[in-house]
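Q: Here is how the chains run, residue by residue.
There are 2 protein chains.
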Amino acid sequence: MAKEFTFGVTVMPRKEVLDTQGRAVEETLKREGEPVVSARVGRYVELKVTGTTVKEAEATAQKISSGLLANTLIETFELKLL
Amino acid sequence: MAKEFTFGVTVMPRKEVLDTQGRAVEETLKREGEPVVSARVGRYVELKVTGTTVKEAEATAQKISSGLLANTLIETFELKLL
Chain A
5 MAKEFTFGVT VMPRKEVLDT QGRAVEETLK REGEPVVSAR VGRYVELKVT GTTVKEAEAT
65 AQKISSGLLA NTLIETFELK LL
Chain B
5 MAKEFTFGVT VMPRKEVLDT QGRAVEETLK REGEPVVSAR VGRYVELKVT GTTVKEAEAT
65 AQKISSGLLA NTLIETFELK LL
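Chains as they are written, first to last, in this note's numbering: chain A, 5 to 86; chain B, 5 to 86.
Any given hint could turn out to be false.
Copies of the same chain look alike in the list, so a pair counts if it fits in one copy or across any two.
[What the hints assert, rightly or not] Calculated cross-link-like contacts (lysine-lysine; reagent style DSS-like; alpha-carbon spacing at most 25 angstroms):
no.	residue 1	residue 2
1	Lys59	Lys34
2	Lys52	Lys84
3	Lys59	Lys19
4	Lys34	Lys67
Rather than coming from a laboratory, the hints here were simulated on the basis of the structure.
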């Protein structure tokens with residue numbers, strides 16, 4: 005019997021890659037005088053999948069994350085079961 | 005003496021608002037035969053701020069999140085001290 009599992013997927017730019025969005029946020033905040041040291045911007049996806057076991061559902065989420073949600077060449081992702 | 009505090013800010017579209025990115029991800033995955041029930045897409049920002057206390061740093065992060073990172077009319081956000 006298939007159950008539903010929800011995963012939180014956080015996708016962030018790799019440290020070596022220039023994070024243009026993060027830079028823009030950082031500079032805007034600094035210009036406004038906010039006590040900001042740095043900002044990095046990524047994506048967050050809440051993914052609900054079905055599977056017979058947690059293990060199976062996690063494998064699905066892993067596959068989807070590396071195949072569609074993240075560009076692993078320039079981004080890293082982290083899966084968390086919610 | 006000011007210390008540095010890092011916050012993880014998760015910004016998600018409100019439930020009442022049509023999440024076009026999430027819909028696109030959901031439909032693409034379903035079309036590819038993945039066992040996906042739903043997908044919601046938001047942003048994740050790692051924000052490093054300075055403050056003399058956690059309380060002060062959190063107030064700064066809160067202000068920045070509601071003022072710049074999230075459009076609270078159509079989005080909600082969640083702060084987490086990392």
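Q: Which hints, by number, does the structure contradict?
A: Number 3 - this is the single hint that the structure violates.
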